[in-house]
Amino acid sequence: PEVAFELVSPRFPYAGTPATYTVRATNPGNAPAKNVTIEALIPSTGEFVSSTLGGEFDQATRKVTWTLASLPAGSHRDIEFKCILKDGGVIKQQVTATGDDDVRDQQLVTTQVEALADLVLDVIDPKGPVPLSEDTEYEVRVRNRGTDSASGVEVITFFSEGLEAVSVEGGRHEIAPGHVLMHPIETLGPGREIVFKMKVRADTTGNH
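Here our numbering is used: the sequence shown runs in plain steps of one and ends on residue 208.
It cannot be assumed that every hint is accurate.
Cβ pair distances, simulated, as ranges [claimed, not checked]:
hint, residue 1, residue 2, range
1, Ile124, Gly178, 16 to 22 Å
2, Glu6, Glu186, 43 to 49 Å
3, Ser75, Leu121, 52 to 58 Å
Quick caveat, the hints were computed from the structure, so don't treat them as lab data. Treat the numbers as computed from the prediction; the structure is a model and nothing was measured. A virtual CB, placed ideally from N, CA and C, is assigned to each residue, including glycine.
From just these sequences and the hints, can you work out the full model?
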């Protein structure tokens, strides 16, 4: 008996999304391979999601394990497992197999994981009616929910006619008629958020 592997890595998966690995275990020998144990090591920056054919994940060893009672001569068995690769860069994935009669094989593949910035913008507006010529506040939140840093982020706030900015907190800025221009944010890392508070004043009644 013999056991040979073909380990297929996903092509350019995105960090933070499930990546599917496919393992094809083949017995090119002329006798059945018995009690074959297949183990896939989940990278330290990965998170196990699921597997086929009853693969069990052990959090302590970070391994997914399958047990095949027999792999007949000339046959193959396809196995899949999914994991979320949290960081960008080159990730190494290792799979090994052992069985009776000193059957053993090991495969190692590298996966290029793509990390992207993903900006989301929220604006919190004042509640209820505001007395004319009294200051009120808008809150602008910019959050990077991606897996890579965003650089050179520009935030511009425009106001309708009759509403003007009085002051701004949260970063360097320029106040001009009808709008506020924030100086570019050099870097906004993954999971980071920046908040701007803008005091405004209306000189005309109505909805602004």
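Hint check:
no.	hint	verdict
1	Ile124 <-> Gly178: 16 to 22 Å	21 Å, holds
2	Glu6 <-> Glu186: 43 to 49 Å	45 Å, holds
3	Ser75 <-> Leu121: 52 to 58 Å	55 Å, holds
No hint from the list above goes unmet by this structure.
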